[in-house]
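Peer 1: Sequence:
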Amino acid sequence: MRFAAACAIAREAGVLARKRFLERPRSQRPDFKGPQDFLTATDAEVEELIRRRLSELFPGDSFFGEERGGFFERDVWVVDPIDGTANFARGIPHFAISIAFVRDNQVEIGVIYDVMHAELYMAQRGRGAILNGEPVRVSGLTDMRQATVEAGWSPRLPPEPYADMVGRLKASGANVRRAGSGTLGLAYVADGRIDAYCELHINSWDALAGLLIIEEAGGWTNDFLAGDGLRSGNPVLACTPGLAPALRAATGIARET
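By the numbering used here, the letter at position 2 of the sequence shown is numbered 2, and the numbering carries on one by one without gaps.
Among the clues, some could well be false.
Derived Cβ-Cβ restraints for the label pairs, each shown as a range [said to hold, decoys possible]:
hint, residue 1, residue 2, range
1, PRO59, PRO245, 43 to 51 angstroms
2, GLN146, GLU73, 42 to 50 angstroms
3, ARG145, ALA8, 40 to 48 angstroms
4, ALA171, THR142, 32 to 40 angstroms
Hints are computed from structural coordinates only; laboratory data are not their basis.
Cβ atoms here follow ideal geometry from the backbone N, Cα and C, with glycine treated the same way.
Sequences and hints are given; from them, build the entire structure.
Peer 2: Printed below as a string of structure tokens:
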């Protein structure tokens with residue numbers, strides 16, 4: 001029931017986010033939470049819709065959203081209402097809604113909705129990964145010289161470690177990209193559009209749904225929830241399994257964070 005609800009709520013929230021994106025005035029200036037950390041009114045509006053729907057259906061579950069916080073209890077929904085807010089704010093149609101359900105520090109449900117492409121990625125633990133009704137799998141690539149890796153950047157860290165990591169990835173032969181949504185970067189690993197996603201620090205609301213979807217699509221991930229990853233975030237590395245050793249060396253991100 002939680003899985004079906006998460007999928008339906010993600011689509012409903014996506015209708016709202018798409019509407020707000022299309023009606024956004026081109027002259028509108030985005031707000032900022034910090035340097036290069038964007039905020040729009042739509043983030044809070046979409047989060048409130050998701051929070052309200054989930055609390056109506058599952059009043060015993062706790063909720064934590066990027067914009068207004070919440071509580072982490074045994075059963076908790078962890079939500080990013082719009083991942084890729086900088087893209088959204090500047091009129092770039094590359095952003096997504098992320099909904100994860102966590103029980104006892106283990107992700108059991110992951111749902112990602114690519115709003116502008118109407119692509120719904122979903123997974124339940126042990127039941128495989130699905131995109132719009134069809135199973136998806138990671139790429140299976142084993143050669144870094146053929147790999148495409150998305151390297152996310154966090155404004156919470158200085159730029160030098162990120163630049164160094166990108167340099168090592170390039171030296172290994174990988175094509176390195178950055179599209180501005182960690183949630184969609186992880187989703188793209190799950191269905192083989194890219195071969196890996198890495199970031200030296202990412203928050204749980206950006207990553208949890210995507211990590212479960214990748215695992216269920218046959219991918220490799222680091223132990224993101226180690227330590228206090230749920231509350232404080234961690235480094236993330238997720239990829240097709242044959243690239244894991246080379247990527248651990250290039251990024252410095254081990255399985256145990």
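Peer 1: Against each hint, give a clear statement of whether it holds in the structure.
Peer 2: Structure-based check of all given hints:
1. For the pair PRO59 and PRO245, the supplied restraint of 43 to 51 angstroms holds, since their beta-carbon distance comes to about 46 angstroms.
2. For GLN146 paired with GLU73, a C-beta distance near 44 angstroms keeps the hint of 42 to 50 angstroms intact.
3. Distance hint for ARG145 and ALA8: a CB-CB separation of about 43 angstroms, consistent with the stated range 40 to 48 angstroms.
4. A hinted range of 32 to 40 angstroms for the beta carbons of ALA171 and THR142 is inconsistent with their spacing of about 18 angstroms.
Violation of the numbered hints given earlier is confined to hint 4; every other hint is satisfied by the structure.
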